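The sequence shown begins at 1 in full-length UniProt numbering and counts up by one.
Do not rely on the hints blindly, as some may be mistaken.
[Said to hold, decoys possible] Mimicking DSS-like on lysine-lysine, the simulated pairs with C-alpha atoms at most 30 Å apart in a straight line are:
{"hint": "1", "residue 1": "LYS154", "residue 2": "LYS55"}
{"hint": "2", "residue 1": "LYS54", "residue 2": "LYS84"}
{"hint": "3", "residue 1": "LYS170", "residue 2": "LYS107"}
{"hint": "4", "residue 1": "LYS54", "residue 2": "LYS107"}
{"hint": "5", "residue 1": "LYS96", "residue 2": "LYS55"}
{"hint": "6", "residue 1": "LYS70", "residue 2": "LYS154"}
{"hint": "7", "residue 1": "LYS152", "residue 2": "LYS170"}
{"hint": "8", "residue 1": "LYS96", "residue 2": "LYS73"}
{"hint": "9", "residue 1": "LYS152", "residue 2": "LYS108"}
{"hint": "10", "residue 1": "LYS107", "residue 2": "LYS73"}
{"hint": "11", "residue 1": "LYS146", "residue 2": "LYS203"}
{"hint": "12", "residue 1": "LYS79", "residue 2": "LYS146"}
{"hint": "13", "residue 1": "LYS37", "residue 2": "LYS84"}
{"hint": "14", "residue 1": "LYS108", "residue 2": "LYS84"}
{"hint": "15", "residue 1": "LYS170", "residue 2": "LYS70"}
{"hint": "16", "residue 1": "LYS70", "residue 2": "LYS84"}
{"hint": "17", "residue 1": "LYS79", "residue 2": "LYS154"}
{"hint": "18", "residue 1": "LYS54", "residue 2": "LYS70"}
{"hint": "19", "residue 1": "LYS152", "residue 2": "LYS54"}
{"hint": "20", "residue 1": "LYS154", "residue 2": "LYS84"}
{"hint": "21", "residue 1": "LYS196", "residue 2": "LYS208"}
{"hint": "22", "residue 1": "LYS30", "residue 2": "LYS73"}
{"hint": "23", "residue 1": "LYS96", "residue 2": "LYS152"}
{"hint": "24", "residue 1": "LYS30", "residue 2": "LYS108"}
{"hint": "25", "residue 1": "LYS30", "residue 2": "LYS54"}
{"hint": "26", "residue 1": "LYS70", "residue 2": "LYS108"}
{"hint": "27", "residue 1": "LYS79", "residue 2": "LYS54"}
{"hint": "28", "residue 1": "LYS152", "residue 2": "LYS84"}
{"hint": "29", "residue 1": "LYS108", "residue 2": "LYS55"}
Quick caveat, the hints were computed from the structure, so don't treat them as lab data. Keep in mind it's a predicted model, so treat the numbers as computed, not measured.
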Amino acid sequence: FSGFQYNEKQAQTLNLNYKLINTNISQDQKFLQENLKSNSDILIQDILQAINEKKELVILPETAFAFDLKNTKYELILKELSYKITIITGAFHVEKEHTYNSTYIFKKGNVYILNKHFLVPFGEEIPFFKDLTKKYFLKNIEEFSKGPIQSKYKLDNQIITNAICYEATKEQNYQNSQIIIALSNNAWFNNSSEYKLQQLLMKFYASKYGVSVYHAT
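Hey, can you work out the whole structure from these sequences and the hints?
Encoded structure:
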(Lines of atoms letter the chains of each structure in order from A and count residues from 1; the text may use other names and numbers.)
(Lines give C-alpha, C1' and ligand atoms only; values in the text may rest on other atoms or scores of the structure.)
Protein backbone atom coordinates (compact mmCIF):
# COMPACT_ATOMS: atom_id res chain seq x y z
CA PHE A 1 0.00 0.00 0.00
CA SER A 2 1.18 3.49 -0.58
CA GLY A 3 0.35 6.25 1.73
CA PHE A 4 -2.07 6.91 4.50
CA GLN A 5 -3.78 10.24 4.10
CA TYR A 6 -6.73 11.20 6.25
CA ASN A 7 -8.84 14.34 6.46
CA GLU A 8 -7.38 15.66 9.70
CA LYS A 9 -4.28 17.13 8.02
CA GLN A 10 -3.17 17.60 4.43
CA ALA A 11 -0.37 15.17 3.71
CA GLN A 12 2.41 15.76 1.21
CA THR A 13 2.89 13.04 -1.41
CA LEU A 14 5.92 11.91 -3.39
CA ASN A 15 6.65 13.93 -6.51
CA LEU A 16 8.25 10.93 -8.20
CA ASN A 17 6.50 8.20 -10.15
CA TYR A 18 7.30 5.23 -7.91
CA LYS A 19 6.87 1.47 -7.61
CA LEU A 20 6.79 -0.56 -4.39
CA ILE A 21 8.27 -4.06 -4.58
CA ASN A 22 6.73 -6.44 -2.06
CA THR A 23 8.58 -9.75 -1.89
CA ASN A 24 7.16 -13.06 -0.74
CA ILE A 25 10.13 -15.01 0.62
CA SER A 26 9.73 -17.07 3.78
CA GLN A 27 12.03 -16.28 6.68
CA ASP A 28 13.54 -19.77 6.74
CA GLN A 29 14.59 -19.45 3.08
CA LYS A 30 15.61 -15.81 2.76
CA PHE A 31 18.97 -15.96 4.51
CA LEU A 32 20.17 -19.35 3.27
CA GLN A 33 23.49 -18.95 1.48
CA GLU A 34 22.37 -21.08 -1.47
CA ASN A 35 19.37 -18.79 -2.09
CA LEU A 36 21.10 -15.41 -1.99
CA LYS A 37 22.02 -15.28 -5.68
CA SER A 38 18.66 -16.43 -7.05
CA ASN A 39 16.72 -14.10 -4.74
CA SER A 40 18.97 -11.17 -5.65
CA ASP A 41 18.65 -11.88 -9.37
CA ILE A 42 14.86 -11.75 -9.04
CA LEU A 43 15.16 -8.33 -7.39
CA ILE A 44 17.27 -7.06 -10.27
CA GLN A 45 14.57 -8.25 -12.68
CA ASP A 46 11.97 -6.39 -10.59
CA ILE A 47 14.02 -3.21 -10.89
CA LEU A 48 14.42 -3.67 -14.64
CA GLN A 49 10.66 -4.09 -14.91
CA ALA A 50 10.16 -0.81 -13.03
CA ILE A 51 12.51 0.87 -15.51
CA ASN A 52 10.50 -0.57 -18.40
CA GLU A 53 7.36 0.85 -16.77
CA LYS A 54 9.01 4.32 -16.84
CA LYS A 55 9.11 4.59 -13.06
CA GLU A 56 11.45 7.16 -11.51
CA LEU A 57 11.78 5.45 -8.12
CA VAL A 58 11.64 1.84 -6.96
CA ILE A 59 11.39 0.86 -3.29
CA LEU A 60 12.35 -2.61 -2.07
CA PRO A 61 11.84 -4.13 1.41
CA GLU A 62 14.09 -4.38 4.46
CA THR A 63 17.04 -6.76 3.87
CA ALA A 64 15.78 -7.42 0.34
CA PHE A 65 19.42 -8.14 -0.41
CA ALA A 66 20.16 -10.35 2.59
CA PHE A 67 23.86 -9.55 2.86
CA ASP A 68 26.30 -6.64 3.00
CA LEU A 69 25.99 -5.03 -0.43
CA LYS A 70 29.28 -3.15 -0.32
CA ASN A 71 31.96 -4.30 -2.75
CA THR A 72 29.71 -6.91 -4.37
CA LYS A 73 28.67 -7.31 -7.99
CA TYR A 74 25.14 -6.35 -6.99
CA GLU A 75 26.33 -2.99 -5.69
CA LEU A 76 27.90 -2.36 -9.10
CA ILE A 77 24.72 -3.44 -10.90
CA LEU A 78 22.54 -1.21 -8.71
CA LYS A 79 24.85 1.77 -9.20
CA GLU A 80 24.63 1.31 -12.96
CA LEU A 81 20.84 0.92 -12.92
CA SER A 82 20.53 4.03 -10.73
CA TYR A 83 21.32 6.20 -13.74
CA LYS A 84 17.90 5.13 -15.04
CA ILE A 85 15.92 4.92 -11.78
CA THR A 86 16.47 5.81 -8.12
CA ILE A 87 16.64 2.63 -6.04
CA ILE A 88 15.87 2.31 -2.33
CA THR A 89 16.51 -1.09 -0.79
CA GLY A 90 17.26 -2.78 2.48
CA ALA A 91 20.48 -4.73 3.09
CA PHE A 92 23.09 -5.30 5.76
CA HIS A 93 25.99 -2.90 6.21
CA VAL A 94 29.20 -4.00 7.93
CA GLU A 95 31.69 -1.37 9.03
CA LYS A 96 34.57 -1.64 11.52
CA GLU A 97 33.23 -4.80 13.18
CA HIS A 98 29.74 -3.27 13.47
CA THR A 99 26.80 -4.76 11.60
CA TYR A 100 23.84 -2.54 10.74
CA ASN A 101 20.36 -3.13 9.38
CA SER A 102 20.37 -0.47 6.69
CA THR A 103 18.66 1.38 3.90
CA TYR A 104 20.71 1.80 0.72
CA ILE A 105 19.84 4.61 -1.68
CA PHE A 106 21.25 4.35 -5.20
CA LYS A 107 20.96 7.53 -7.23
CA LYS A 108 22.81 8.57 -10.38
CA GLY A 109 25.68 6.18 -9.74
CA ASN A 110 26.10 7.09 -6.08
CA VAL A 111 25.16 5.10 -2.99
CA TYR A 112 24.02 6.46 0.38
CA ILE A 113 23.60 4.26 3.46
CA LEU A 114 21.27 4.98 6.40
CA ASN A 115 21.49 2.72 9.45
CA LYS A 116 18.58 1.65 11.64
CA HIS A 117 18.46 3.14 15.14
CA PHE A 118 15.42 1.62 16.86
CA LEU A 119 16.25 -2.08 17.13
CA VAL A 120 13.79 -4.84 17.99
CA PRO A 121 14.42 -6.01 21.59
CA PHE A 122 15.71 -9.60 21.71
CA GLY A 123 15.43 -9.81 17.92
CA GLU A 124 18.10 -7.30 16.87
CA GLU A 125 19.57 -6.34 20.23
CA ILE A 126 19.58 -7.45 23.85
CA PRO A 127 18.38 -4.39 25.80
CA PHE A 128 19.58 -5.49 29.25
CA PHE A 129 21.50 -8.25 31.07
CA LYS A 130 23.42 -8.89 27.84
CA ASP A 131 25.99 -11.33 29.21
CA LEU A 132 23.45 -13.35 31.17
CA THR A 133 21.00 -13.49 28.26
CA LYS A 134 23.63 -14.54 25.75
CA LYS A 135 25.05 -17.19 28.07
CA TYR A 136 21.83 -18.91 29.10
CA PHE A 137 18.98 -17.93 26.79
CA LEU A 138 20.02 -16.58 23.37
CA LYS A 139 23.42 -18.12 22.79
CA ASN A 140 23.46 -17.66 19.02
CA ILE A 141 22.02 -14.17 18.74
CA GLU A 142 24.04 -11.63 16.77
CA GLU A 143 23.26 -8.06 17.73
CA PHE A 144 23.04 -5.14 15.34
CA SER A 145 24.63 -1.78 16.03
CA LYS A 146 22.56 1.41 16.17
CA GLY A 147 22.62 4.20 13.63
CA PRO A 148 21.58 7.84 14.25
CA ILE A 149 18.27 8.40 16.04
CA GLN A 150 16.57 9.72 12.88
CA SER A 151 17.87 9.59 9.32
CA LYS A 152 16.59 11.80 6.53
CA TYR A 153 17.45 12.25 2.89
CA LYS A 154 16.27 14.28 -0.10
CA LEU A 155 14.43 13.04 -3.19
CA ASP A 156 13.37 15.52 -5.87
CA ASN A 157 13.63 18.40 -3.38
CA GLN A 158 11.46 16.60 -0.82
CA ILE A 159 12.78 15.60 2.61
CA ILE A 160 12.19 11.91 3.35
CA THR A 161 12.38 10.25 6.76
CA ASN A 162 13.91 6.79 6.65
CA ALA A 163 12.23 4.05 8.70
CA ILE A 164 13.10 0.36 8.89
CA CYS A 165 10.29 -1.89 10.18
CA TYR A 166 9.98 -1.23 13.95
CA GLU A 167 10.98 2.42 13.40
CA ALA A 168 7.79 3.01 11.40
CA THR A 169 5.79 2.51 14.63
CA LYS A 170 7.72 5.13 16.65
CA GLU A 171 5.68 8.29 17.17
CA GLN A 172 8.70 10.58 17.30
CA ASN A 173 9.52 9.73 13.68
CA TYR A 174 6.19 11.27 12.63
CA GLN A 175 6.40 14.45 14.68
CA ASN A 176 8.77 16.30 12.35
CA SER A 177 8.17 14.42 9.08
CA GLN A 178 6.01 14.91 6.01
CA ILE A 179 6.95 11.78 4.08
CA ILE A 180 8.22 8.48 5.47
CA ILE A 181 9.57 5.69 3.29
CA ALA A 182 9.40 2.53 5.38
CA LEU A 183 11.03 -0.81 4.63
CA SER A 184 9.90 -3.98 6.42
CA ASN A 185 10.66 -7.68 6.32
CA ASN A 186 7.29 -8.90 7.52
CA ALA A 187 8.23 -12.54 7.00
CA TRP A 188 9.52 -12.16 10.58
CA PHE A 189 5.92 -11.92 11.75
CA ASN A 190 4.68 -15.08 10.01
CA ASN A 191 0.94 -15.20 10.77
CA SER A 192 1.14 -13.34 14.08
CA SER A 193 -0.89 -10.24 14.96
CA GLU A 194 2.26 -8.08 15.07
CA TYR A 195 1.96 -7.22 11.38
CA LYS A 196 -1.60 -5.92 11.93
CA LEU A 197 -0.44 -3.96 14.97
CA GLN A 198 2.31 -2.38 12.88
CA GLN A 199 -0.26 -1.34 10.27
CA LEU A 200 -2.60 0.14 12.87
CA LEU A 201 0.16 2.19 14.52
CA MET A 202 1.41 3.47 11.18
CA LYS A 203 -2.09 4.52 10.12
CA PHE A 204 -2.77 6.17 13.46
CA TYR A 205 0.42 8.26 13.52
CA ALA A 206 0.19 9.07 9.81
CA SER A 207 -3.32 10.43 10.38
CA LYS A 208 -2.41 12.25 13.59
CA TYR A 209 0.56 14.11 12.11
CA GLY A 210 -0.48 14.38 8.45
CA VAL A 211 2.33 12.18 7.15
CA SER A 212 2.38 10.08 3.98
CA VAL A 213 3.90 6.62 4.46
CA TYR A 214 5.23 4.53 1.58
CA HIS A 215 5.82 0.99 2.79
CA ALA A 216 7.63 -1.86 1.01
CA THR A 217 7.51 -5.25 2.68
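So which of the earlier hints does this model not fit?
5
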